[in-house]
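*Asks:* Okay, here's what each chain looks like letter by letter:
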Amino acid sequence: MARVIGKGIWRIGEEENEINIVEVEIDLNKVNGVGVERLKHGSRK
Amino acid sequence: MPIPIKGRGIGRPDYSSPITIDVPTPKADRKVVKQTEYWAAGEISPAPAPGGPPAAWCVGKGFSVEDKYVPKGQRFRIYKFTVSVPAYITIEAGIGIEDMAGNITLLYWECGNQKVTIDFSYLRPFEEGTRPVYLLINYGDVQPDFVDWSVIGVVEWLE
Chain A
1 MARVIGKGIW RIGEEENEIN IVEVEIDLNK VNGVGVERLK HGSRK
Chain B
1 MPIPIKGRGI GRPDYSSPIT IDVPTPKADR KVVKQTEYWA AGEISPAPAP
51 GGPPAAWCVG KGFSVEDKYV PKGQRFRIYK FTVSVPAYIT IEAGIGIEDM
101 AGNITLLYWE CGNQKVTIDF SYLRPFEEGT RPVYLLINYG DVQPDFVDWS
151 VIGVVEWLE
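Order-wise, the sequence lines are chains A and B. Its first residue numbered 1, the first sequence is counted upward by one per residue in this note's numbering. Its first residue numbered 1, the second sequence is counted upward by one per residue in this note's numbering.
Since the hints were derived computationally from the structure, they do not count as laboratory data. Bear in mind the structure is a predicted one, so any value in this text is a computation, not a measurement. All residues carry an ideal CB built from backbone N, CA and C; glycine is no exception. Just to be clear, a hint being listed does not mean it is correct.
Stated by the list, open to error - With the Cβ distance kept under 10 Å, some of the chain B side facing chain A (calculated, not the full set):
| id | residue |
| --- | --- |
| 1 | Asp29 |
| 2 | Ala40 |
| 3 | Gly42 |
| 4 | Trp57 |
| 5 | Lys61 |
| 6 | Tyr88 |
| 7 | Gly96 |
| 8 | Ile104 |
| 9 | Thr105 |
| 10 | Val142 |
| 11 | Phe146 |
| 12 | Leu158 |
Claimed, not checked - Cross-link-like lysine to aspartate or glutamate pairs, in silico, EDC-like; alpha carbons within 16 Å at most:
| id | chain 1 | residue 1 | chain 2 | residue 2 |
| --- | --- | --- | --- | --- |
| 13 | B | Lys68 | A | Glu25 |
| 14 | B | Lys61 | A | Glu16 |
| 15 | B | Lys61 | A | Glu18 |
| 16 | A | Lys30 | B | Asp99 |
| 17 | A | Lys7 | B | Asp148 |
| 18 | B | Lys34 | A | Glu14 |
| 19 | B | Lys61 | A | Glu14 |
| 20 | B | Lys68 | A | Glu14 |
| 21 | A | Lys40 | B | Glu92 |
| 22 | B | Lys80 | B | Asp119 |
| 23 | A | Lys7 | B | Glu43 |
| 24 | B | Lys61 | A | Glu25 |
| 25 | A | Lys7 | B | Asp145 |
Use the sequences and the hints to build the structure in full.
*Replies:* Have a look at this one:
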């Protein structure tokens, strides 16, 4: 189950709800696109 | 004394003509029958650590309170994504598209001090069965207590 890392508010049209903000677990083997190296190496430091 | 700029044909561009820019826009393959605003804002805590891996998150079940992904027959467009931290440090925010198989295609990253805004011109629509993933990297020396973020967009119902 995804880990909750925060709280927020979400609204679509007139409907408004409190929401959980959940962590996305990233499988580096399934990532492509711009800046993939950022995920692999994190910060440039 | 002004230097005269000579015309095209002798090694210089022709500055006398207006410059036109063609921007490729997605062709509307399906008619949009309804649009609804989509807005989400929140706080995640703690912020990613300096030198550590990026924070990656989504909202609710994935796309909304009820849906893991953009529902069938709908399309989602982000107008603006903003993220900020309560410290004057360099951060970099990114947005990716995740499909149902967990494949993530990173679309764009933007770097800034304390606050980053990404607008729609760098993104493409999130089609049904996909969802946006928001990312943040901390390039600073401190770990802020939290990250404040918001996203505003539109959900389109397609014919």
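*Asks:* Each hint: holds or not?
*Replies:* Now the hints, each set against the structure:
The restraint placing aspartate 29 of chain B at the interface with chain A is violated, with a minimum CB-CB distance near 22 Å, outside the 10 Å limit. Interface hint at alanine 40 of chain B: satisfied, since its Cβ lies 4 Å from the closest Cβ of chain A, which is below the 10 Å cut-off. Against a cut-off of 10 Å between C-beta atoms, the interface hint on glycine 42 of chain B holds, since the closest Cβ of chain A lies about 2 Å away. The beta carbon of tryptophan 57 of chain B comes within 5 Å of a beta carbon in chain A, closer than 10 Å, and the hint placing it at the interface holds.
Taking 10 Å as the C-beta cut-off, the interface hint given for lysine 61 of chain B holds, the closest approach to chain A being about 8 Å. Annotation: tyrosine 88 of chain B was flagged as interfacial toward chain A, and the flag is violated, the nearest CB pair being 17 Å apart, outside 10 Å. Evaluation of the glycine 96 of chain B hint against chain A yields a held restraint, the C-beta minimum of about 6 Å falling below 10 Å. Look at isoleucine 104 of chain B: its Cβ gets to within about 5 Å of chain A, closer than 10 Å, so that hint holds up.
About 4 Å separates the beta-carbon of threonine 105 of chain B from the nearest beta-carbon of chain A, less than 10 Å, and the hint is met. With a cut of 10 Å, the hint placing valine 142 of chain B at the interface with chain A is violated, because the nearest CB-to-CB distance is about 13 Å. Contact between phenylalanine 146 of chain B and chain A, as hinted, is supported at the beta carbon level, the nearest pair being about 8 Å apart and thus within 10 Å. Residue-level restraint check for leucine 158 of chain B is violated (minimum Cβ-Cβ distance to chain A is 16 Å; threshold 10 Å).
Between lysine 68 of chain B and glutamate 25 of chain A the CA atoms are separated by roughly 14 Å; this keeps the pair inside 16 Å, and the hint holds. A hinted pair counts as satisfied when its Cα atoms are at most 16 Å apart, and lysine 61 of chain B with glutamate 16 of chain A qualifies at roughly 15 Å. Pair hint lysine 61 of chain B plus glutamate 18 of chain A holds up; C-alpha atoms about 12 Å apart against a cutoff of 16 Å. At most 16 Å may separate the alpha-carbon atoms for a hinted pair to count; lysine 30 of chain A and aspartate 99 of chain B meet this at roughly 10 Å.
Restraint check for lysine 7 of chain A and aspartate 148 of chain B: satisfied, since their Cα atoms lie roughly 10 Å apart, inside the 16 Å limit. A threshold of 16 Å between alpha carbons decides the hint, and for lysine 34 of chain B with glutamate 14 of chain A the separation of about 14 Å falls inside it, so the pair holds. A threshold of 16 Å between alpha carbons decides the hint, and for lysine 61 of chain B with glutamate 14 of chain A the separation of about 19 Å lies outside it, so the pair is violated. For a cut-off of 16 Å, the pair hint linking lysine 68 of chain B to glutamate 14 of chain A is broken: about 20 Å separates their Cα positions.
For a cut-off of 16 Å, the pair hint linking lysine 40 of chain A to glutamate 92 of chain B stands: about 15 Å separates their Cα positions. Taking the CA atoms of lysine 80 of chain B and aspartate 119 of chain B, the gap is near 4 Å; set against the 16 Å cutoff, the hint holds. With a CA separation close to 6 Å, the supplied pair lysine 7 of chain A and glutamate 43 of chain B stays within the 16 Å bound. At most 16 Å may separate the alpha-carbon atoms for a hinted pair to count; lysine 61 of chain B and glutamate 25 of chain A meet this at roughly 14 Å.
For the hint linking lysine 7 of chain A to aspartate 145 of chain B, the alpha-carbon distance of about 14 Å falls within 16 Å, and the restraint holds.
Violated hints for the displayed structure, listed by number in ascending order: 1, 6, 10, 12, 19 and 20.
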